[in-house]
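Spelled out from the first residue to the last, the chains are:
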Amino acid sequence: MTKVYQSVEDAISEIRDGARIMVGGFGLCGNAEALIAAVAESGVKDLTLISNNAGNLGKGLAAWLRADIVRKIFCTYVGNNEDLHKKMADGSVDVTILPQGTFVERMRAAGAGIPAFFTPTGVGTVVADGKEIREFDGREYVMERALHADFALIRARKVDPAGNIRFYRTARNFSPIMAMAAKMAIVETDELVGLGEIDPDDVHLPGAFIQRVVHVPEHEDTIEYRTVRTRSEVQS
Amino acid sequence: MTKVYQSVEDAISEIRDGARIMVGGFGLCGNAEALIAAVAESGVKDLTLISNNAGNLGKGLAAWLRADIVRKIFCTYVGNNEDLHKKMADGSVDVTILPQGTFVERMRAAGAGIPAFFTPTGVGTVVADGKEIREFDGREYVMERALHADFALIRARKVDPAGNIRFYRTARNFSPIMAMAAKMAIVETDELVGLGEIDPDDVHLPGAFIQRVVHVPEHEDTIEYRTVRTRSEVQS
Amino acid sequence: MSWSKVEIAQRAAKEIEPGSIVNLGIGLPTLVADHLPADSGVWLQSENGILGMGPFPYEGDEDPQIINAGKQTVTIVPGGACFDSATSFAMIRGGHVDLSILGTMQVAANGDIANWSIPGGRTMGIGGAMDLAAGSKRILVLTSHQTKKGKAKLVHRCNFPLTARGVVSRIITELGVFDPKGEGFSIVELAEGVSEEEAREKTGAPIV
Amino acid sequence: MSWSKVEIAQRAAKEIEPGSIVNLGIGLPTLVADHLPADSGVWLQSENGILGMGPFPYEGDEDPQIINAGKQTVTIVPGGACFDSATSFAMIRGGHVDLSILGTMQVAANGDIANWSIPGGRTMGIGGAMDLAAGSKRILVLTSHQTKKGKAKLVHRCNFPLTARGVVSRIITELGVFDPKGEGFSIVELAEGVSEEEAREKTGAPIV
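Residue numbers (this note's numbering), protein chains in the order written: chain A, 1 to 236; chain B, 1 to 236; chain C, 1 to 208; chain D, 1 to 208.
To be clear, the hints were calculated from the coordinates, so they are not data collected in a lab.
Keep in mind the model is a prediction, meaning the values are calculated, not measured.
Hints are all accurate, no fakes.
Taking lysine-lysine pairs in the DSBU-like style, the calculated list, with each CA pair at most 30 Å apart, reads: (1) Lys-86/A / Lys-149/D; (2) Lys-137/C / Lys-158/A; (3) Lys-183/B / Lys-14/D; (4) Lys-158/B / Lys-137/D; (5) Lys-183/B / Lys-72/B; (6) Lys-131/A / Lys-183/A; (7) Lys-158/B / Lys-158/A; (8) Lys-183/A / Lys-181/C; (9) Lys-131/A / Lys-137/D; (10) Lys-137/D / Lys-183/B; (11) Lys-86/B / Lys-149/C; (12) Lys-183/A / Lys-14/C; (13) Lys-183/B / Lys-45/B; (14) Lys-131/A / Lys-131/B; (15) Lys-181/D / Lys-183/B; (16) Lys-72/B / Lys-45/B; (17) Lys-131/B / Lys-137/C; (18) Lys-148/D / Lys-86/A; (19) Lys-86/B / Lys-148/C; (20) Lys-137/C / Lys-183/A.
Pair by pair, the computed Cβ-Cβ distance ranges are: (21) Glu-17/C / Leu-57/A: 41 to 51 Å; (22) Asn-80/A / Ser-186/D: 33 to 43 Å; (23) Gln-6/A / Gln-6/B: 50 to 60 Å; (24) Asp-137/B / Phe-136/A: 21 to 31 Å; (25) Glu-14/A / Glu-135/B: 28 to 38 Å.
Calculated Cβ distances over 10 Å to all of chain A for the following chain B residues: (26) Met-1; (27) Ser-7; (28) Thr-48; (29) Lys-86; (30) Ser-92; (31) Val-93; (32) Leu-192; (33) Leu-195; (34) Glu-220; (35) Arg-226; (36) Arg-231.
Don't be surprised by glycine CBs; every beta carbon is placed ideally from N, CA and C.
Based on the provided sequences and hints, a complete structural model is requested.
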């Protein structure tokens, strides 16, 4: 029983019009580039996109916005994402902006069978509008609901045929949680290794949370804001 | 700034009478043996113990029961723990038995700043008695509260001076979650390594959740139920 | 002729889909591990933090830090993973375990299960039983059809403390395979030589 | 003579306890990283999943998969750790971050902070701001005392959309150090050459 698919097109073959799709990545960092591109080219539409940034600099998920295949977005930050600003301004996409911790905890809840939880984040702000507020031990909290999806598209550094995953550095971000929260989690991996090549203690996300694997060795990995120090700066 | 203490006695020096203490381990597997023994010998009493099993076979936390220093216990399983059966029978310890998933999720909530959450586990059972029941999307759930502690005593395979932790196999169990849920998490480690010796992607629990570290190279590691297959069994 | 314990385990193994994730309870369910087809690709989950639990270790290879939820020494298969208890129960509660095979004290025609406490008996605790029962995608129960004293374990409604409500989809006993149908149990299959009459007599609810 | 941005950052660095875990917001707070004593043992947290964030990489060493929450290329110090976003916000919301240093648009005498949205302005989003404000053990705000148009940023009550209520414990501006005291701000310290009168004039709430 392998979860490995031979092409990105095969890996995303179950995605239909109107699907709710979580996409990993913090901005362009840790994007499932090939899966994102394949969905854009597949012709599916009316998608609900759950992603921290929904692309940036015209790259990554910006392709979905430009192709007009997204109807609704849950995200936490717009920033300089001009494609998203444009969609928000013309009203063609319904955008819900969430606090990042609430965003990821709602997905974690979905993956963990928790339908709702209370958080201090957003109490007294517009985020809590229309939601239940309750006091525990003298502090107010807002009730938030689980955030589910049909699919998760994520990127990994190393995966085995059982779907056991190793991530790399800050490319990890929302990806393991999204895999838990989606009915079908599809992972694009830099490296595909054999069963048993990842030590049981080195697995970041067990294969139980992964349904499909596709090997994509090459990635563009765009840097959004290149910041460096010069060697002289330190030597002086 | 090191979190390393030179003796187990120093490491537990802040524990006072009446403290709420979480202790990691699944039965005797993954026990912080030296910390458990040091608390038993320290003279503190009236403790609230939060532990999956509260010892077994007269070992581990059974020492706390025999020393009569525990007033209240939250656990999930009694099994053949005769010391615990005895305390329950004579009423000298107030024992609350929780479903294991609820037990660990309540601690995870405490560590994550979530005061309460809803779970399907225990609905329609004695576990839900007196608790709020609420329906989400046609299914009933019970509200459970965060479970906090003053201290967590855990065992690790490898720790650095910043408190970054690697666990080993099923000795991991509740330990990382308890560390998150306690005000002061104290870890006893088989191996103490230098800063930077654990790769950032290999850290099971970041040092933010650990306050004190003590190096204990030797452990008894009692097997509760030794089950084996004979080589001939397979060769035949 | 009713089924032996091994035959119950063999029959139970047929309920497991290839590639699925399965949690086996203590006792009779544990035997099912020995009857999985070699190429089934089934992953055994142990709620103390293993996905990909293997057989007992060879003598001398026991590792006190590799145990199952029954605290027995076990092994981990290639491709197995270890994780903390919060992740393990996220897996269970979140519906990522395809099948849990549980033992029981009582199971009711409405799908209720009572397998953690006998009134007046010694309290053994809950462990992972309630989470597995409430969270797994499917619950299969393996049990003797009656208690040692000859009382029915398949009942109309449980009078022992419940583990979970309305979750059991199938029951396998020495007499055959039964499904809870609300007011009674339907017979899916009878062990060779077991009559419907015998099943009816030994069941504490109507056969429907 | 009021404080420069660097002097504000230097003054803020004095608020940091040795060995503490600190999250630095985008903008002015980022500068604080350059003024931590070498032996302070402070760990910088970045909410996208780093504890132990280091300085920007040397030219040529940039790794697109090692970024901070501002999506800038950074490094990880020895003893640093990476983790997923749920763990990161458990760390933040659960009170394991000792101090967050945030920029702001408005901060009120009752400790309210409004730093994510200007009415009528372009929506930039919330990101980690609300969780950091609600979850950190202590909130320090670094800001210019007034807007570019000369409007007070230290106000009696915020009229911009709030980030969190009653969480700010101290504010450092080019004029000095101020604490919210309910109906007004107290002066903890004034920059050299700044008079109490100037501070009073430029603050949108009483100095108490």
